[in-house]
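**Student:** Residues per chain, in single letters:
There are 6 protein chains.
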Amino acid sequence: MSQSSIVPLIEIGDASPEVRAVYDDIMNARGTDWINNFWKVLAHDPKLLKRTWESIREVMAPGALDPLTKEMIYIAVSATNNCEYCTFSHTAAARAKGMSEAQLMELLAVVGMANETNRLANGLRPPVDPQFLP
Amino acid sequence: MSQSSIVPLIEIGDASPEVRAVYDDIMNARGTDWINNFWKVLAHDPKLLKRTWESIREVMAPGALDPLTKEMIYIAVSATNNCEYCTFSHTAAARAKGMSEAQLMELLAVVGMANETNRLANGLRPPVDPQFLP
Amino acid sequence: MSQSSIVPLIEIGDASPEVRAVYDDIMNARGTDWINNFWKVLAHDPKLLKRTWESIREVMAPGALDPLTKEMIYIAVSATNNCEYCTFSHTAAARAKGMSEAQLMELLAVVGMANETNRLANGLRPPVDPQFLP
Amino acid sequence: MSQSSIVPLIEIGDASPEVRAVYDDIMNARGTDWINNFWKVLAHDPKLLKRTWESIREVMAPGALDPLTKEMIYIAVSATNNCEYCTFSHTAAARAKGMSEAQLMELLAVVGMANETNRLANGLRPPVDPQFLP
Amino acid sequence: MSQSSIVPLIEIGDASPEVRAVYDDIMNARGTDWINNFWKVLAHDPKLLKRTWESIREVMAPGALDPLTKEMIYIAVSATNNCEYCTFSHTAAARAKGMSEAQLMELLAVVGMANETNRLANGLRPPVDPQFLP
Amino acid sequence: MSQSSIVPLIEIGDASPEVRAVYDDIMNARGTDWINNFWKVLAHDPKLLKRTWESIREVMAPGALDPLTKEMIYIAVSATNNCEYCTFSHTAAARAKGMSEAQLMELLAVVGMANETNRLANGLRPPVDPQFLP
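Protein chains in written order, with my numbering: chain P, 42 to 175; chain Z, 42 to 175; chain F, 42 to 175; chain L, 42 to 175; chain E, 42 to 175; chain S, 42 to 175.
In short, the hints are calculated from the structure, not lab data.
Capping the alpha-carbon separation at 30 Å, the derived lysine-lysine pairs in DSBU-like fashion look like this:
| # | chain 1 | residue 1 | chain 2 | residue 2 |
| --- | --- | --- | --- | --- |
| 1 | S | K88 | F | K91 |
| 2 | L | K91 | L | K138 |
| 3 | P | K138 | L | K88 |
| 4 | L | K88 | Z | K91 |
| 5 | S | K138 | E | K138 |
| 6 | F | K91 | F | K138 |
| 7 | S | K88 | F | K88 |
| 8 | L | K138 | L | K88 |
| 9 | S | K88 | S | K138 |
| 10 | F | K91 | S | K91 |
| 11 | P | K138 | E | K88 |
| 12 | E | K88 | E | K138 |
| 13 | Z | K91 | Z | K138 |
| 14 | Z | K88 | L | K138 |
| 15 | S | K138 | S | K91 |
| 16 | F | K88 | E | K138 |
| 17 | S | K88 | L | K138 |
| 18 | P | K138 | P | K91 |
| 19 | F | K88 | F | K138 |
| 20 | L | K88 | Z | K88 |
| 21 | P | K138 | P | K88 |
| 22 | P | K91 | E | K138 |
| 23 | F | K88 | S | K138 |
| 24 | P | K88 | E | K91 |
| 25 | Z | K138 | L | K91 |
| 26 | E | K138 | E | K91 |
Using the sequences and the hints, build the whole thing.
**Tutor:** Right under this line is the structure:
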């Protein structure tokens, strides 16, 4: 597990007003008093920090899909791409939203299967059936 | 869109008894009278065909997650990996199970966002917060 | 299937002497009188063309692994990455070196399985067993 | 190297009868008295554990390809996807089946080359030559 | 090359006022009178359309890096991920900003090399040298 | 962070004359008196070591693109593929060539955005606009 980041963590007490405003917004939205390390590295670019946070908040809000389903999709992508940080953080987030261990295991079973059949299709290259075209 | 596959399609009428049994099982399970091309290329290896079908059927069955959520996870992985065949076939399957266009668009918004933040984390490598460890 | 490339194909009759020398080397090594399109696009950078060809020739030569095994590894990577051109060209090359359909199907079954279990490991993150450390 | 998994390891002594039966099957097939961590995390879903083990055993059995070639294909996929656990475990397995260091190095040279030319083809997008179509 | 999209293209004349406002913004920013297909599919989710466009505009604006360097980075990622649409559209954009053929070829040579050495490192897993830690 | 490599590091004092010649060439070219671990694992295959070093030196040399731009492209690919070693080593190399923190952050913002829109395009599959074809 990584012990060292590419840029230093910008802690709450060291944040510029622009960064601090985003940190406060994150803590308010989550009802917590701490900031996770992902934001502390993004803070080296305050516009990137602000845009990413605002995009995440908009994308992960309840809509046509519920927030837990969205977290599980996040896990599916993170496991496919093998992002260690994202796998730990979004699994924790999904559990906090009620994901059971049985749901996690089924989710990963689907992720594994999809990664398998994606490559069977890539290697054998069947033409898309006309029935599947919209 | 691919016009040619790596191996010929094995049509229903040309299937060996071993392959035909799997084709019949697929058509029975789905209540259809046709087989999509993915299975027609896998049929060159009857054991691979049978194992893949039985695994898919088990993995995609209702359980702790409902079948539509599972199809959406399949789409998330397929779009991340850029499998054209899988994207078309599983989007069609999800729509047949009731996925609305609004759900598809939100799903892809999450997939896009996850792919973005996965790489921000990969490039900056923040350590995993102890709060996220199980 | 792509009908248009990002840069024009440099045909044999239009090649500069520097490119033509590599084309001749490829045709001599393969005992053919044509050049496949991969080299015709690389030819826009003669040094890239020459270096890639010489590296491929060295890497794919018989050594501790035989050339057919090497072609099958090439297919495994290309199917995992979903490179259409590479899948078609290296499957053709492996068949020319004697790969049977049964071998192709088993190869892809392993590729599919590896892609599946890679993601089960990514999502669940078991620690590496000490027995596996060299 | 990961020190913490997403779900606890289910040790042999804590396994349910259903899980224990698979563990015994794995140890019998391998002639060992220990279970590696991959199975101990999968064990949280006994059906996933059983299906994955039975699929792996079938896929990796001798057939048109020998078991060592199959292990090397597994390494090729795992290195391409950057699965740390899978790279360590399948390199150990391949060595146990007789892979020499020279074979490992040549295997990885092919994997590297394929990953390179896959992207040259993706970026320049040459059309597939008609000679390569089956 | 794909002939069919997963959702219909929303043409300028059929756009809702909310979508039309973004389309107008894109055309104004670019000084063009047409909209490329990427936006016409995103338009099925007006918030996704607006957020993606505004993010792209902010990210690709001149800053510490010039716009052409940014387009070349976009190509590097798109070729690595094998996104056909993105490769064609961002290569066209980079050429419009002055990228020469020699620059494109050198860019792809680096992309190929990085994809190769990424996998040599993944497969052999050398520890990160302390000299490289920030 | 990995503490153990798949093959032992071949230190300078233990290098064969063939490996030592490449090590010396690397140290001369870089004006340093140490060798980073990537080369020490490649050294198990002297031809792979020599070819990779000579290719890297040629590809990364000043040309139509300057060396810093090339290092940033290397980072873009390494972050997309999630190669930990490569991310640390090429970020260090880019910094040594003058990359500012602002440039690093903008670079990663583009990498993130490209990874996002690549998947939006993969999932929605808009046809390539004729205006983008070369």
